[in-house]
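Engineer: Next come the chains, spelled out residue by residue.
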Amino acid sequence: MALLDIKGLKTHFTTDDGIVQAVDGVDISINRGETLCVVGESGCGKTVTAMSILKLIAMPPGKIVAGEIIFEGRDLAPLTSHQLDEIRAKEIGFIFQEPMTSLNPVLTIGEQIAESLRRHEAVTRKQALERTIEMLQLVQIPNAAGRVHHYPHQFSGGMRQRVMIAMALACRPKLVIADEPTTALDVTIQAQILDLLQDMKERLGMAVMLITHAMGVVAETAQRVVVMYAGKVVEEAPVDELFGNPSHPYTQGLIRSIPRIDLDAEHKTRLEAIGGSVPILINPPPGCRFASRCKHAMSICTKQEPQLREIAPGHRMACHLGDAS
Amino acid sequence: MVSAVLLLLLIAAVVIGPFIWRVSISDIDVVAGMQGPSVAHPFGTDDLGQDLLARMIYGGRISLAVGLAAMLVSVFVGTLIGALAGMSRGPLGYALMWLTDLFLSLPQLPLLLMLIYLFRDGLKAMFGPEGGIFILIVLVIGGLRWMPVARLVRAQFLSLREKEFVEAARALGASPVRQVVRHILPNALGPVIIAGTIDVAAAIIAESTLSFLGLGFPPDTPTWGRILYDAKDFLDIGPHWALFPGGAIFIAVVAINFIGDGLRDALDARKVI
Amino acid sequence: MSQYILRRLMIAIPSLLGISVVLFVVLALAPGDPFSELATNPNVPPEVQAALRTKFGLDDPIYLRYLHWLAAMAQGDWGFSFVSRINVDTLILQRLPTTLYVIGSAQLLALLIAIPVGVYAATRPYSLFDQLANTFAFIGFSLPTFFTGILFILVFSVKLDWLPFVYTDVPGSGIPWLLEMIRQAIMPVMVLGLFQAASMTRFVRSAMLDVIRLDYVTAARAKGLGQAKVIVKHVMRNAMIPVVTLIALQMPAVFGGAIVTEQIFRIPGIGSLLISSILANDTPVVMAVTFVFACLVVLFNLIADVLYGWLDPRISFR
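Chains as they are written, first to last, in our numbering: chain A, 1 to 325; chain B, 326 to 598; chain C, 599 to 916.
Chain A with its partners taken away, still in its complex shape:
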């Protein structure tokens, strides 16, 4: 049984202009101890999907209108925010995108890590402090015992993201959702943080749901990959299968847009970008949502929505291409 099984999740936002169907029928499942990458452009619904799991989206205007979020056999979707407090941080940890703004500027980092320990575990103030220092050492913050009493503004971006990781992992959750944890960081720091995350995952034996828009990150870290486009899953496969046999035109576009430094000048092709941008998800057109940007678009694509179907073991995709064959 999967650790987390999201089925048909629909999260919609009510705005002045209409209802934004940010997540519109998403199925994602994660096994214990697995690293799953969710990729897609900005605005394709990755973050909303992740935030919906713990109901961290603003409600209103956001609302989970349909679907199940089954975590260890229990559906989280109908739970209230108050009931979810037992799951948050303890069972499912969350690492946010912006380390610069995700730490409270007026509390010491130690206080911010310790408060989730004190919330979920019966520890004294002193024990919580010790565990916090331990966590800071684990995420390789030098002089952890002294730094624990410092405020966020006394840390660099990379160090803050380490603090965020320590915060998310303090209660040893079974699943960690990392929402673009490296996007806001310098390139050199990005690799360090990904390594740290990988290292922590192995030490603590948790599953990781890594949300990113960078295919490079996917290739390095993932075991399985889910590709999202405009609020829907368009392809899902083990990482080697996805890179070896990308089937959806959108996935192919994403892979072609990775700069290749391993090819010599002769074999270099022009770096390809996918033309256009993600459509606005208010009253989306019928049919495939990618059709307007797809080079292979056929007449059926604008009429009928393609369904996810299995094309190889563990490899599913939603496209009309190859339907006929």
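No lab work stands behind these hints, which were simulated from the structure alone.
This structure is a prediction, so every number in the text was calculated from the model and none was measured.
Treat the hints with caution; some may be incorrect.
[What the hints assert, rightly or not] Straight line, CA to CA, 20 angstroms or less: simulated PhoX-like cross-link-like pairs of lysine-lysine: (1) K7/A to K63/A; (2) K174/A to K90/A; (3) K90/A to K201/A; (4) K557/B to K757/C; (5) K90/A to K10/A; (6) K757/C to K90/A.
Model the placement of chains B and C on the given structure of chain A, informed by the hints.
Structural biologist: The following block gives chains B and C in isolation, referenced to the frame of chain A:
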């Protein structure tokens, strides 16, 4: 919307009121004194039997005129200082902003009272008792309320100065004055209008406060605050005397503030205020 | 931290000097020099007139006169009130505690109303409670204090006869005296406090709304802390930082309201002293009281700065 209609009604009442309600403001009829509202006197009478409706219409003209005039003064001074501070990158800008902050921390009402105390005799001699006080009150209220406008205008200048269309104008060789008048000021207008609207309300309150403290217009000039001042010693026997002018001030101020708030939402200027 | 306070103190001094210059210039510009008016007042004996003339150095250049005046003010020599026939500083010191008592209680009342209401309204934006709170706040700060004061007197003194509408120096001591002191302060404190609470509620609400949607609040919710703890520990603490500044900026208006309130309820504080001295042409008292008000504003700004530094750890390190 409701507040705009209310304010227009109020303005219409004080502007055309005297042509419809042709009762003298100073006819004394002691026998009919201290009467509550009646057909002959819709708002009742004061201790001397003077008709309160007529006095309030007359006073409303002054109160609203003071509010508008003081707003114009404060917007003018504020725009001038803000524009100067926004354009100069040197010490002048800093000095002007220091001055603005200094004025912001001045205790307004005591200073207002002191200025009126010191200057009223001189101006009274020059422009007559009503004119002198009017000029003084407008200048002093306006002169003590320009700081928010100055800050807004400066902030607008600083952000707009670097915007493309101003750069384009500069590249095309537009003179600084032309840049300011043609390109920057119109863009700074929104927040200034909002601040100005709120200033009108503040000026009306300030004038009423002065009159209420007995330091505004002379007793024979019945502004709303002055009527309230005269009425406050007769609360037990003639509450209507205080309620009507107080209510009028309140309605005017609420309406103006609501309009200011509505404008702020409409212009989405929340960030700059 | 102490270094930060010291630095704020150093900034407060120039603004006090600036205010004193403004006051002095106003005085010097006034037609019919009020100082000489005082010195030529027939009520003042000739030898005092001569003493005053030399004391104020009426024929000196203006900057010298300013320095003289400043030196005198700094030494606590604030002149002589010829209406009350005592020294101005003694007079003000007699009256000041009453004013501070009323203003202090009113501020306290305002905080006690504004913080819970503003916080609760911000956690449920656009709910019925929020809209009601907003409307009342709007009406509250559009109602001038002199009118609310009159309304209160009408309702609670004239109609209901619950509270006295004139503030007096109650003789006696002990519990009954204390109760009477509290009873007569209820209306002025309510008038001033509700007026303050109205604008403070708006400040608190909008500051809370600004903070509530920040990333670190979502991060705090992701820890499963629970709504109440997130609001109090993460949102309120941060929202109070801008609120402190806004309240400090309101101080001049608070003193304005205090003057009016003191006048309505005839409270023997420095506000009513200012009005009566103006009506009695008692220039030294007018000057001194205005200056005291200015000092109080600067003092409260200083307190706000210190609070700000205490609330925001980033400040002390700058």
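Engineer: Given the proposed pairing of K557/B with K757/C, does the C-alpha separation stay at or below 20 angstroms?
Structural biologist: holds (15 angstroms)
Engineer: For the pair supplied as a hint, K7/A and K63/A, is the alpha-carbon distance within the 20 angstroms limit?
Structural biologist: Given that 20 angstroms is the threshold and the Cα spacing comes to 16 angstroms, the pair holds.
Engineer: Take the C-alpha atoms of K90/A and K10/A, compute the straight-line distance between them, and say whether it is at most 20 angstroms.
Structural biologist: Given that 20 angstroms is the threshold and the Cα spacing comes to 25 angstroms, the pair is violated.
Engineer: Can you confirm whether the C-alpha distance between K90/A and K201/A stays at or below 20 angstroms?
Structural biologist: holds (16 angstroms)
Engineer: Between K174/A and K90/A, does the CA-CA distance stay at or below 20 angstroms?
Structural biologist: The given pair, whose Cα atoms are some 8 angstroms apart, holds under the 20 angstroms limit.
Engineer: Assess, step by step, whether the Cα of K757/C is no farther than 20 angstroms from the Cα of K90/A, and give holds or violated.
Structural biologist: The given pair, whose Cα atoms are some 61 angstroms apart, is violated under the 20 angstroms limit.
Hints 5 and 6 from the earlier list are contradicted by this structure; the remaining hints agree with it.
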